[in-house]
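Number of protein chains: 2
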Amino acid sequence: MASLKSQQFGEFDLINTYFLRNSSAISAPNQEGVNVLLGIGDDCALLAPPPKDHIIAVTSDMLVENRHFFSDADPKLLGHKCLAVNLSDLAAMGAKPTAFTLSIALTHINHDWLAAFSEGLHVISDRFDCPLIGGDTTSGPLTISITAIGHLPKNTALKRSNAVVGDDIWVSGEVGDARYVLGILRGEWPTIAGYENFSHRMNAPEPRVDLGIALRGLAHAAVDISDGLLGDLQHILKASHCNAVIQIDQVPVSALFNTLGQDLRRLCSLRGGDDYELCFTAPTRHAAQIEAIGRNLNLRLTKIGQITEAMKDVDSANTSTHQFGRMHLIDQEGNSLNDTQTQIYLKSFDHFETS
Amino acid sequence: MASLKSQQFGEFDLINTYFLRNSSAISAPNQEGVNVLLGIGDDCALLAPPPKDHIIAVTSDMLVENRHFFSDADPKLLGHKCLAVNLSDLAAMGAKPTAFTLSIALTHINHDWLAAFSEGLHVISDRFDCPLIGGDTTSGPLTISITAIGHLPKNTALKRSNAVVGDDIWVSGEVGDARYVLGILRGEWPTIAGYENFSHRMNAPEPRVDLGIALRGLAHAAVDISDGLLGDLQHILKASHCNAVIQIDQVPVSALFNTLGQDLRRLCSLRGGDDYELCFTAPTRHAAQIEAIGRNLNLRLTKIGQITEAMKDVDSANTSTHQFGRMHLIDQEGNSLNDTQTQIYLKSFDHFETS
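Sequence order for the protein chains is A and B. Counting from 1, one number per residue, gives the positions in the first sequence under our numbering. Counting from 356, one number per residue, gives the positions in the second sequence under our numbering.
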């Protein structure tokens, strides 16, 4: 086998060189710790059970070249982002990361690309104490598929179905930057000076893991904003059988929008995705505690609206049905947006819709 | 949203129609049960912790069009196979399947293909009580990525590093059919009458989950044969720091090889992959119990060799080193194969090697 390996860089060499850490031997599993009983190098990885009275959270995301990232994307940022989007899903459930698997298809072996990609991946993996425990490598069109596993105390999950009428609706950080930067790169709107200072919001989103964990027992429902604030919030409304009223001009945006018009600000902040902030609902009595969490984490937390009852529709046969997932959008003058305007901001990015 | 949906078949329609079962509502998670606390439809799926004194096994496999399957592959068989290869990894660790996630990139929405693919997937999912709990769908070159989760009692894992000198080496079922059928389809060798009766071995492999579970406490190490019997066995030898002697003509093959020559039989059975049988090692004192398991499962189990000590090499400076992973191949006349012959049979399929 030695002669083969010296001639060719195979699958095992690839895993050893870029993904297996602190070990030079193919056969020696590493990255073992409290949670990881057996890492890369066997048919399965082995994990210890979660702590007592905890349950397990599992999430998967797939990133495809030219669909989720440009071909010339910085590989180090890409390595960060592909794990960040999965950690963001764990955060939206209130779960603490345990470990992840990576399956990756590569068109060819590009050592510079792999060194940078794996570095980006390992840095965020270390930062969130979420080791790579296994996966698959193959040749094929560049596709990155990650499954992240986490754990959380039972009965604390921030499920989409948990929102309650009267809950405040909160958003973490600021939303819209990622969509605005994407629009510049796509030529949808003109570039502006200094926009590069905000491109990390699209390229290197920060998963709100600490926030998700801190919200256990305080928030009812949460979702991470990947497809657009209102579209993602609508998942909560539908799952919880309720509606919402949103003060759209209270939605927090960055300084990037200071000199931009109202329309673009609303479009990017309400409909834009890829910011990976959390949108969550919580009873008003917890508002002070939530504000304290924001101060502790040095993270802006903004109330943008409230959960309301599902509207009762009575049809011609006098049968009443409840309509879930409706949003009543109110601007800074206190005026309600009409249905057409509302639909524009509601439309999320869908990977199979063509418009 | 209703008007959008009637015009376009989006990501949520796709999940609802083909992957979410026994439910017509997007928001209602289903497939909940003893293990699954929350299925498809939230940021994460939620699983109950494993049974007392059990640990968690995790495995991921990615299948790429034209690399792991032909473009015209029967989608129902493909749905079976993409879960089967992951269950096979759980089997090789002695784990019982718990649940799985599916991330899939599709070039376009083909309803016939999706209906057949999801049917194949659901049938094997039901048969092994391993529900689909989440994942991702996106557009992109056809790529299927599955992560399967299982559980097993602690200290029973059939780790590759557990083989012990003196262990018998066993193979389940028969090996070589999948490689022989692939060779016909690729034009590597002539077709023969009746080969179609064996093509399910390539297209619809049977994961040996019950065998893996039955071997807990009896076998030491196991691997599933995906890349080739000897190449996969070599992973055990390297991880366990030992060597092996193999009676190559005792390797079990099907009736397909009755009329074929010895060379092709050896090539397909020793080097061919994709059969997803188990190769495992066990102390000789457990042979009778292992034979009984074979009878109970109606599955041929064949002893093909033995684990031996690592050879000690003494170099010119009189320093001794142990060489792991060497195989001594013996034919039916009791003759040893030379190094060149051995290397031919040892070479596994590697997705990044070009030869």
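The hints are simulated quantities; they were obtained by calculation from the structure and are not laboratory data. We put the beta carbon where it would ideally sit given N, CA and C, even for glycine. Mixed in with the good hints, there may be bad ones.
Straight line, CA to CA, 25 Å or less: simulated BS3-like cross-link-like pairs of lysine-lysine [what the hints assert, rightly or not]:
| # | chain 1 | residue 1 | chain 2 | residue 2 |
| --- | --- | --- | --- | --- |
| 1 | A | Lys-52 | B | Lys-658 |
| 2 | B | Lys-702 | A | Lys-154 |
| 3 | B | Lys-407 | A | Lys-52 |
| 4 | A | Lys-154 | B | Lys-658 |
| 5 | B | Lys-702 | B | Lys-658 |
| 6 | B | Lys-509 | B | Lys-407 |
Rough simulated footprint, nothing fancy, chain B against chain A, three-plus residues with beta-carbon under 8 Å [stated by the list, open to error]:
| # | stretch |
| --- | --- |
| 7 | 39-51 |
| 8 | 63-72 |
| 9 | 138-145 |
| 10 | 219-232 |
| 11 | 248-260 |
Each hint tested on the structure:
no.: 1; hint: A:Lys-52 x B:Lys-658; verdict: 43 Å, violated
no.: 2; hint: B:Lys-702 x A:Lys-154; verdict: 48 Å, violated
no.: 3; hint: B:Lys-407 x A:Lys-52; verdict: 10 Å, holds
no.: 4; hint: A:Lys-154 x B:Lys-658; verdict: 47 Å, violated
no.: 5; hint: B:Lys-702 x B:Lys-658; verdict: 22 Å, holds
no.: 6; hint: B:Lys-509 x B:Lys-407; verdict: 9 Å, holds
no.: 7; hint: 39-51; verdict: holds (count 10)
no.: 8; hint: 63-72; verdict: holds (count 4)
no.: 9; hint: 138-145; verdict: holds (count 6)
no.: 10; hint: 219-232; verdict: holds (count 3)
no.: 11; hint: 248-260; verdict: violated (count 0)
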